[in-house]
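**Student:** Could you build all of it, start to finish, from the sequences and the hints given here?
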Amino acid sequence: MKKTFLSLFLAAGVQLAQAQSIPAGTVSLGGSVGYSRSTSNNSGTSNGTTYTNETTTSQFSLAPSVGYFVADNLAIGLTFSYQAFSKPYITYTPAPSVVRAQLDPTTTLRLGAYGQYYKMLTEQFGFLGTLGGGYQSMRDYAYTGNSSSALISEFKASGYYAELTPGIVFFPIPKLGLTASIGSLAFNHLNYDYPTNSGTAPSGYESKSSTFGASFGLSQLQFGGTYYFGR
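Position one of the sequence shown corresponds to residue 1 (full-length UniProt numbering), numbered consecutively onward.
By construction, these hints were calculated from the structure, which means they are not laboratory data.
Since this is a predicted model, take the numbers as computed values, not measurements.
Careful, some of the hints might be misleading.
[As the list claims (entries may be wrong)] Heads up, simulated DSS-like pairs for lysine-lysine below, C-alpha to C-alpha not over 25 angstroms straight-line:
(1) Lys175 to Lys87
(2) Lys156 to Lys208
(3) Lys119 to Lys175
(4) Lys87 to Lys208
**Tutor:** The following block contains the structure:
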């Protein structure tokens, strides 16, 4: 009797382990999207006049991807991403005599490869980690002076990136996975062109930046969906 129960238990365990895996040979097609927006208001009174200002920032990201499972629960693939970040813009009431033009969003385009590992806890829920890297290009904008009539300079840059992103995955049906993440550990390197509206570029001009750090929080919240062919 004990042997019978043990055999049934082991058989059930094997079936559960198989049900919780994404088999080698599966093709995934999906992506992620994220959006956040924040607004703050301040007010005050001076000489009988009430002044108010409103500050608004927003961020949008879109990243389609395609992958192939080279082993159970382990995929490699390609991804393209677009990110746009609107810097804080302040509107005043009553309005000043000269109003600065709002800066265009800072945009980043990326093309890279990734490796992704799934750790399923149940048939429908699990964790995943994504390690990616590749080429990136960026456009940024800034005022060239402190006056109200300051010109706007454009900064172009290109370089490479690497990032590690933890997340969770939920399968409402076996072929469809829904994912969520709230940030990543990332390294970025960029080489900048000489900005526009800044005169002639100095001889031998060179400007570069490298950053490494973790960024997690609700402002980094991203949702994604992936369809699994062959699962």
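**Student:** Sort out whether lysine 87 lies within 25 angstroms of lysine 175, counting only the CA atoms.
**Tutor:** This hinted pair is violated, its Cα atoms lying about 39 angstroms apart.
**Student:** Would you check the hint for lysine 87 and lysine 208, treating anything up to 25 angstroms between C-alpha atoms as holding?
**Tutor:** 21 angstroms, holds
**Student:** Are the Cα atoms of lysine 156 and lysine 208 separated by 25 angstroms or less?
**Tutor:** It holds: about 11 angstroms lies between the C-alpha atoms, which stays within 25 angstroms.
**Student:** Is the Cα-Cα distance between lysine 119 and lysine 175 25 angstroms or less?
**Tutor:** 16 angstroms, holds
When the structure is compared with the earlier hints, a violation turns up for hint 1 alone.
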